[in-house]
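Residue numbers (the working numbering), protein chains in the order written: chain A, 13 to 256; chain B, 13 to 256.
Simulated from the structure, these hints should not be mistaken for lab results. Check the hints yourself; a few may be wrong.
If several chains are the same, the list does not tell them apart, and a pair holds so long as it fits within one copy or across any two.
As the list claims (entries may be wrong) - Think about it this way: if two alpha-carbon atoms lie no more than 25 Å apart in a straight line, the pair counts; the simulated SDA-like pairs of lysine to any residue are:
(1) Lys28 to Glu66
(2) Lys154 to Ile197
(3) Lys108 to Gln204
(4) Lys200 to Phe255
Number of protein chains: 2
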Amino acid sequence: MNIIRSKENKAVKSAKKLLQKKYRKDTYLIEGFHLFEEASRSGAEILETFVTEEFAAKFPEAIIVTQEVLNFITDSKTPQGLVAVVKMNNDLDYEKINLNKILVLDGVQDPGNVGTLIRTADAGGFDAVFLSRDCADVYSPKVMRSMQGSNYHLPVYSVDLSELYKKLKELKISVLASTLSDESISYKEVEQKSGIALVLGNEGQGISQLTKNEADVLVHIDMPGQAESLNVAIAGGILIFNFI
Amino acid sequence: MNIIRSKENKAVKSAKKLLQKKYRKDTYLIEGFHLFEEASRSGAEILETFVTEEFAAKFPEAIIVTQEVLNFITDSKTPQGLVAVVKMNNDLDYEKINLNKILVLDGVQDPGNVGTLIRTADAGGFDAVFLSRDCADVYSPKVMRSMQGSNYHLPVYSVDLSELYKKLKELKISVLASTLSDESISYKEVEQKSGIALVLGNEGQGISQLTKNEADVLVHIDMPGQAESLNVAIAGGILIFNFI
Numbered sequence: 013m014n015i016i017r018s019k020e021n022k023a024v025k026s027a028k029k030l031l032q033k034k035y036r037k038d039t040y041l042i043e044g045f046h047l048f049e050e051a052s053r054s055g056a057e058i059l060e061t062f063v064t065e066e067f068a069a070k071f072p073e074a075i076i077v078t079q080e081v082l083n084f085i086t087d088s089k090t091p092q093g094l095v096a097v098v099k100m101n102n103d104l105d106y107e108k109i110n111l112n113k114i115l116v117l118d119g120v121q122d123p124g125n126v127g128t129l130i131r132t133a134d135a136g137g138f139d140a141v142f143l144s145r146d147c148a149d150v151y152s153p154k155v156m157r158s159m160q161g162s163n164y165h166l167p168v169y170s171v172d173l174s175e176l177y178k179k180l181k182e183l184k185i186s187v188l189a190s191t192l193s194d195e196s197i198s199y200k201e202v203e204q205k206s207g208i209a210l211v212l213g214n215e216g217q218g219i220s221q222l223t224k225n226e227a228d229v230l231v232h233i234d235m236p237g238q239a240e241s242l243n244v245a246i247a248g249g250i251l252i253f254n255f256i
Numbered sequence: 013m014n015i016i017r018s019k020e021n022k023a024v025k026s027a028k029k030l031l032q033k034k035y036r037k038d039t040y041l042i043e044g045f046h047l048f049e050e051a052s053r054s055g056a057e058i059l060e061t062f063v064t065e066e067f068a069a070k071f072p073e074a075i076i077v078t079q080e081v082l083n084f085i086t087d088s089k090t091p092q093g094l095v096a097v098v099k100m101n102n103d104l105d106y107e108k109i110n111l112n113k114i115l116v117l118d119g120v121q122d123p124g125n126v127g128t129l130i131r132t133a134d135a136g137g138f139d140a141v142f143l144s145r146d147c148a149d150v151y152s153p154k155v156m157r158s159m160q161g162s163n164y165h166l167p168v169y170s171v172d173l174s175e176l177y178k179k180l181k182e183l184k185i186s187v188l189a190s191t192l193s194d195e196s197i198s199y200k201e202v203e204q205k206s207g208i209a210l211v212l213g214n215e216g217q218g219i220s221q222l223t224k225n226e227a228d229v230l231v232h233i234d235m236p237g238q239a240e241s242l243n244v245a246i247a248g249g250i251l252i253f254n255f256i
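Work out the full structure: start from the sequences and follow the hints.
What follows is the structure, given as structure tokens:
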């Protein structure tokens, strides 16, 4: 069995680069058996798989590496025995996606929030998630971990928000943006449960000016207590499950 | 102005110890001006305050330290100019607390989840939060950061769950425990909105056997999508805001 022990190995070095956003153009890393299975099942193209020796028999196509080399190509504190390089799906064709109930993230910065929101949209049976370009990168290892494979259950795209809003207008989909303002209404007053795009904004700044301009309805969550705000993922969870 | 430059200073060394759970018996650390204000306003006893030189004039009672010394007594990656030692409130008297609508955390391990859930209970106007002894420590710096001062808005206690359940039975408060089992009903079927204790379980294992035995109602959140589960803080947010 040929075991790669050197961090200078070409395939290892290429994979390592994918920990940095600037190198993630067409490919990204996944870690662990669960995500590998989810990716395979969804038909995602897995270009390279690295496993430690103990899993070699299970993955005959994989490159066998030492634990040290495997640790080198992940940023996880508790690395599992598998890392794979997966091809991105960058071809967005609005005609091929169900847009009946979608989640839009407008500048959500924290990778944990982005991942959790995509996982929650998946749990809630939403049809797709769109992220503005200034959100945390969907393909970062941290977002990958908190999504728990939900990106393989529903389409997730990074987009130009103004183009998305244009498309949604054409399709007569109502844009509901979450905010705390004088013009907003309680989400409980919204009767429409489909044909909606739910928009959540940045952790500190809220929704962008573009979203404010383009939204059909501004909604808020009434808070009877003393906390000044809700975490954006919590607000998203409450709203998503209100619309199922 | 006397500026402490040494990490060997007695007050500095005592404060530093509070980063470790084993030393947090009666006191804990808070960081930043916002939490300091919240603590002061709530009447919490602030035993010692450390600030950097630039804030000395605003805090005449504080110990002035260098930025390096301040960084030494916090585990934050982006330390602010203030750290304070605060006295815990360990005196639990059930007679003095409103128990009309409470949140119970049963073995929630992640500090971010614990903090976010307490913040969400606060936002939702819940009356108190109780944590089983095996939850992440409420007084840890990470939980403190994600609570964002909500522990100064509502009572938060670490308790023996069996004693709590005994008390709740006496008071005829319904224990609703979140779980995914054959015996659970959808949370939407629960009509009662007060006199309730909502229990959330561990991230991996769910609620404990004790909670299963003591719960009056087991509730779940229907998930029309493909994700296997919801993050516990998201589930908590959905449930808390259902009961307001």
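Alpha-carbon proximity context of lysine 108 and glutamine 204, limit 25 Å = Within. Shortest intra-copy distance 23 Å satisfies the 25 Å Cα cut-off; inter-copy 44 Å does not.
request  = With 25 Å as the alpha-carbon cut-off, assign the pair lysine 154 and isoleucine 197 to within, between, both or neither.
outcome  = Answer is neither: 34 Å inside a copy and 34 Å across each miss the 25 Å cutoff.
query = Are the CA atoms of lysine 200 and phenylalanine 255 at most 25 Å apart within a copy, between copies, both, or neither?
reply = Classified as both; 10 Å inside a copy, 13 Å across copies.
key: Same-copy or cross-copy closeness of lysine 28 to glutamate 66 [CA-CA at most 25 Å]   = Within. Shortest intra-copy distance 21 Å satisfies the 25 Å Cα cut-off; inter-copy 43 Å does not.
Checked against the numbered hints given earlier, this structure breaks only hint 2.
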